[in-house]
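Heads up: the sequence shown begins at 4 in my numbering, then just goes up one per residue.
The hints are simulated quantities; they were obtained by calculation from the structure and are not laboratory data.
Built from N, CA and C at the ideal position, the CB exists for glycine as well.
Honestly, I wouldn't trust all of these hints.
[What the hints assert, rightly or not] Here are the simulated BS3-like cross-link-like pairs (lysine-lysine), alpha carbons at most 30 Å apart as the crow flies:
1) Lys-64 to Lys-118
2) Lys-91 to Lys-112
3) Lys-64 to Lys-76
4) Lys-76 to Lys-91
5) Lys-100 to Lys-64
6) Lys-64 to Lys-112
7) Lys-83 to Lys-100
8) Lys-76 to Lys-100
9) Lys-91 to Lys-64
10) Lys-76 to Lys-118
11) Lys-64 to Lys-83
12) Lys-118 to Lys-100
13) Lys-118 to Lys-91
[Unchecked claim] FRET-style restraints, in silico, Cβ to Cβ:
14) Ile-95 to Asn-65: 19 to 27 Å
15) Arg-41 to Leu-18: 33 to 41 Å
16) Thr-111 to Phe-158: 17 to 25 Å
17) Thr-111 to Asp-139: 21 to 29 Å
18) Leu-31 to Ile-113: 45 to 53 Å
19) Ile-26 to Glu-132: 15 to 23 Å
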Amino acid sequence: MGKWQNRKGLTLIELVVTFAIFIIVVNLIYSLLFAGNRSFETGRDRGHAQQDARLIAAHLKNELRYSAVIDDKVIDINGKYYSLGMVKEDNITSLIKTEYDAGEIIDTKILTRSKLDEVELRNNNGLIEVLIRVDDNYELPLIIPLENSNKVTDFDVTLSNGTRLYYAYPENIIVGGQEEQ
Numbered sequence: 004m005g006k007w008q009n010r011k012g013l014t015l016i017e018l019v020v021t022f023a024i025f026i027i028v029v030n031l032i033y034s035l036l037f038a039g040n041r042s043f044e045t046g047r048d049r050g051h052a053q054q055d056a057r058l059i060a061a062h063l064k065n066e067l068r069y070s071a072v073i074d075d076k077v078i079d080i081n082g083k084y085y086s087l088g089m090v091k092e093d094n095i096t097s098l099i100k101t102e103y104d105a106g107e108i109i110d111t112k113i114l115t116r117s118k119l120d121e122v123e124l125r126n127n128n129g130l131i132e133v134l135i136r137v138d139d140n141y142e143l144p145l146i147i148p149l150e151n152s153n154k155v156t157d158f159d160v161t162l163s164n165g166t167r168l169y170y171a172y173p174e175n176i177i178v179g180g181q182e183e184q
């Protein structure tokens, strides 16, 4: 005890050891905070990607499940038909639904806005196989059973910036001047 009272300062070795311990503690605290923050950001981004993919999947199911005609080319019918397409602006992709009547555009709606990369759709004997890719962070496979698949052509389309998928419901198809039943 008396030894410490007479000292007038710290030795160089004590200073170096104290500084080394301080550096180790600061480095450890910084790495834990940095790793925790990075892990949180990764989880948050993946959660947003999953949310976007599920929202897009719900829209695709609602729009395509009861379709009687689905094609990757413009549908040549006299009644109402619709299209789904994607438009990318400033790293945000919009899933857009357009309504047509005899080839004329009636209405256009934005269904979702997200960091969607692309949507692959393929007809497989009355089942639409879908793969939704969001922000290079998440993929959601999906199968949509078709209820009215009598006039669905074989298609293999990737919705990305500018591409469209056309479809029509049975109640909107007019054949020979009368609605098809």
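Against the structure shown, which of the earlier numbered hints fail to hold, in ascending order? 19
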